[in-house]
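Trainee: What follows is the residue order along each chain.
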Amino acid sequence: MAENSLAPLAGAIPPAKRQRPRFSWLTDRWIAVSFLTPTLLLMLFITVFPLVWSLYLSFTEWSVTRDATTAPEWIGTENYVELLGDSRDGERTWERFVITGQFVVPAVTIELVLGFGVAMLLNRRFAGRGVLMTMLLIPMMLSPVIVALFWKFMMEGSGVLNYFIADILGLSPVGWRTDRDTVIWSLILVDVWMWTPFMMLISLAGLSAVPKYLYEAAAVDRAGAWFRFRHITLPMVMPLLLIAIIFRTMDAYKLFDQAFVLLGQQGGPGRAGQTAALWVYEVAFSEFDTGLGSALGYIMLLVIVALANIFIRTLNNLKAEQF
Amino acid sequence: MVASNTGSSSIGQRLLFWMALGIVFIFFMFPLYWILISSIKTRAEVTDRVPSFFPFIDFQPTLTNYQELITGETVESASGVQASGSRAEFRDRLINSVITAGISTVLAVGLGTLAAYAFSRFRIPASNDLQFFILSTRMLPPIVVLIPIYIFFTDLKLQDSFAGLIILYTSINLPFVVWMMKGFFDEIPVEYEEAAMVDGYSRLEAIWKIVIPEAIPAMLATAVFSAITAWNEFVFANLLNRNYASTVPPYLNSIVGVGAIEWGRVAAGSVLFVIPIVIFTYLVRNHLLRGVTFGAVRR
Chain A
-11 MAENSLAPLA
-1 GAIPPAKRQR
9 PRFSWLTDRW
19 IAVSFLTPTL
29 LLMLFITVFP
39 LVWSLYLSFT
49 EWSVTRDATT
59 APEWIGTENY
69 VELLGDSRDG
79 ERTWERFVIT
89 GQFVVPAVTI
99 ELVLGFGVAM
109 LLNRRFAGRG
119 VLMTMLLIPM
129 MLSPVIVALF
139 WKFMMEGSGV
149 LNYFIADILG
159 LSPVGWRTDR
169 DTVIWSLILV
179 DVWMWTPFMM
189 LISLAGLSAV
199 PKYLYEAAAV
209 DRAGAWFRFR
219 HITLPMVMPL
229 LLIAIIFRTM
239 DAYKLFDQAF
249 VLLGQQGGPG
259 RAGQTAALWV
269 YEVAFSEFDT
279 GLGSALGYIM
289 LLVIVALANI
299 FIRTLNNLKA
309 EQF
Chain B
179 MVASNTGSSS
189 IGQRLLFWMA
199 LGIVFIFFMF
209 PLYWILISSI
219 KTRAEVTDRV
229 PSFFPFIDFQ
239 PTLTNYQELI
249 TGETVESASG
259 VQASGSRAEF
269 RDRLINSVIT
279 AGISTVLAVG
289 LGTLAAYAFS
299 RFRIPASNDL
309 QFFILSTRML
319 PPIVVLIPIY
329 IFFTDLKLQD
339 SFAGLIILYT
349 SINLPFVVWM
359 MKGFFDEIPV
369 EYEEAAMVDG
379 YSRLEAIWKI
389 VIPEAIPAML
399 ATAVFSAITA
409 WNEFVFANLL
419 NRNYASTVPP
429 YLNSIVGVGA
439 IEWGRVAAGS
449 VLFVIPIVIF
459 TYLVRNHLLR
469 GVTFGAVRR
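Residue numbers (my numbering), protein chains in the order written: chain A, -11 to 311; chain B, 179 to 477.
Keep in mind the hints are simulated off the structure, nothing from the lab.
Hints may contain errors.
Claimed, not checked - On the chain B side, residues computed to face chain A include the following (Cβ under 7 Å):
(1) Asp226
(2) Pro229
(3) Ser349
(4) Ala474
As the list claims (entries may be wrong) - One side of the interface only, derived from the structure: several residues of chain A facing chain B at Cβ under 10 Å:
(5) Thr15
(6) Glu70
(7) Met123
No residue lacks a Cβ here, since even glycine has one placed at the ideal position from N, Cα and C.
Using the sequences and the hints, build the whole thing.
Mentor: Okay, here's the thing in structure tokens:
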């Protein structure tokens, strides 16, 4: 071993005299086992076990409140047939997933474009840059519930947003939480406010990692701004952006807190903003149809597993290209 | 048109740059500003038809909302409006939040660091599968496990208890801690411990005296992120708690739910709740990137 790699440990060289170091009877194998067991047990207890139970419940007709004393009644795949079939419930499932998509796609797209744009702005030296960056990052660290409460307050019928729109701009006030066609956009607005900083942060990391000499080389070749963006910036930042998109898409798909606080469990007027997660909640904890709710949860789960698979493949391909 | 740094750009470009920055700043900061000034308005001023924007100029700031929240007493009783909850409910909730977030963070970082070390240094059978399993629990929509957890928390009498919430938050944060810390451990050269072990340390001693001190900053940053996650959690806290162990997020949402909404108090509560997050965010600003991407992005 090279002497210099030990430099940071200069003060920590152990006493060479001692014959048997303490705990030497603990083999690596035992250490590994004892280090891993608590974590794995807890994960088993809090995720695997509930998931298995939930799977079982999804094949039963049972309500945790009404049938508390009786065992769940096995009804096979009836819940799934009801939720995915041609019935009214089948339609509702489809509608909720469409609503979720109508939220996820615009929200993540706007966050990406806006976040990248802000990152381009911030990717230069100017006075107060550090402070500004830290301030801009605050929204994504806040509790979704608190964020939703802020916005609910501002989106009141006679709230401050409508004051700007109606009294200052002279437009007709917006029914942020009461107009069927608007509620999804209200959700998107809140999400964009909260999560654009995330995209910005990751974009900025990508941008600042682009080696300066590439730009210098491009400058020598008299390459235009668009060329530099298209052939240097974008390819260098792309892998990071993909990771950001994956994270955001998965999280946006699960959207619950903000929608719950902003619109209530039914997702506003005519359930126009009832995302998939909100619907699961309503079925399971308002109608207390535990079996059906579990089945619905599983459908959500299958969709996200499919999404995750696609994403992981994309990432692996990307890695394969890089190395 | 070669360089693009501010030094050589024209006045027009600079003006455009600062204008864009200004718009961004206002969009992201206005809600925070609005909640802050709403918290120092009187009950009447908060819902004024024409809102006032500047304290001392538009309106006289008051700390009544904070006072009411903390003491639980209604200061403006003249208006005839009864404050919901005569006790100092908010203060109790805040203490509960501190307890649950604090203990669960210590547990998660403790356990998760050990597991991360094992994943980083030892040959574990099916290591990749186990790691993926741990990561995948983070992708799980909480709503899916909410039903069974609700049922067995009821059965085990863990509802509305600190133990229940702490177990839950510990396991919510564990995947995050494992992945973050594994990333950090991977960056600490194995040679450090190997050298120490050659020199007569046992593995456990090497971990304790060489690796952990190296990992302390990483552990602290990870702890801050875990604490924020637990602090902010709503779904489980809202469904599983009634009164005793309830935390701030469900409380603030619940006082909006009933009767005439006292936005001033909600705003004051939000400000008090958010201050620690802002401080923590500032403390971990250099690790944010890593933290919010689960250690996937390291630069």
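Trainee: Hint compliance check: list the failing hint numbers for this structure, sorted ascending.
Mentor: 1 and 6
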